[in-house]
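Visitor: Per the working numbering, the sequence shown starts with residue 1, numbered consecutively.
No lab work stands behind these hints: they were computed from the structure. Owing to the predicted nature of the structure, the values given are computational and were not obtained by experimental measurement. Treat the hints with care, as some may be off.
What the hints assert, rightly or not - Cβ-Cβ distance ranges computed for the label pairs, FRET-style: (1) Lys-176 <-> Asp-28: 41 to 49 Å; (2) Tyr-46 <-> Gly-155: 18 to 26 Å; (3) Arg-87 <-> Gly-166: 15 to 23 Å; (4) Glu-73 <-> Glu-38: 40 to 48 Å; (5) Arg-87 <-> Gln-14: 17 to 25 Å.
For glycine and all other residues, C-beta sits at the position ideal for the given N, C-alpha and C.
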Amino acid sequence: MVQFDRAELDEMVQRWVDENKRCESLGDWKPLAEMYTEDATYGWNYGPKDDFMAVGRDEIRDLALGQEMDGLEGWEYPYQQFVIDDRSGDVIGFWKQVSERTRDDGTHYQVTGIGGSWFRYGGNFQWSWQRDFFDFGNVSSLFLEMITNNAMSDGMNARIQRATSGRLPGWYPVGKAPVPLW
């Protein structure tokens with residue numbers, strides 16, 4: 001079994017957090033693609049019928065960090081905690097999803113529940129694999145609340161319109177992605 005240098009993994013996590021914050025402030029997550037190996041895969045499940053999978057750095061940039069993050073400008077994903085396994089190179093990061101939009105009482109719209117990413121380190125300060133997990137029910141509930149309260153940005157409304165217009169690149173019926181989700 002390969003053993004990874006703990007200091008290197010800790011530095012990778014810090015670089016990742018710093019680049020996430022920079023990309024959030026830009027409203028553009030595409031630069032994060034440079035933090036993946038050329039052949040990395042990035043996917044998630046979205047309910048009982050759909051999986052998303054991007055294969056390779058270019059698809060990660062264009063689909064996972066481009067198409068799928070388009071409309072989420074003004075959202076932040078602050079990491080709360082990391083669990084690092086230096087034996088496997090696996091890293092689990094737990095994050096929140098917080099909108100810049102606020103309710104009448106001043107609280108930010110925020111997804112309740114746990115969101116996170118499971119990464120596999122590929123060396124050279126790059127991830128070779130990422131799988132996200134989040135509470136689909138709470139995401140749906142929050143978006144419905146925001147729609148009802150007319151709190152969706154134009155970008156979010158366009159995002160929903162795109163998602164309901166047919167199957168987008170990177171989206172597959174459960175179990176039919178070009179690489180397995182798990």
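Visitor: Run every hint past the structure and note whether it holds.
Guide: Each hint tested on the structure:
A hinted range of 41 to 49 Å for the beta carbons of Lys-176 and Asp-28 is inconsistent with their spacing of about 30 Å. Between Tyr-46 and Gly-155 the Cβ separation comes to about 19 Å, which falls inside the hinted range of 18 to 26 Å. Separated by about 43 Å at the C-beta atoms, Arg-87 and Gly-166 break the suggested range of 15 to 23 Å. Between Glu-73 and Glu-38 the beta carbon distance is about 27 Å. The supplied range of 40 to 48 Å is therefore violated.
The hint said 17 to 25 Å for the Cβ distance between Arg-87 and Gln-14, and at roughly 20 Å that hint holds.
Figure legend: structure checked against the earlier numbered hints; hints not met, in rising order: 1, 3, 4.
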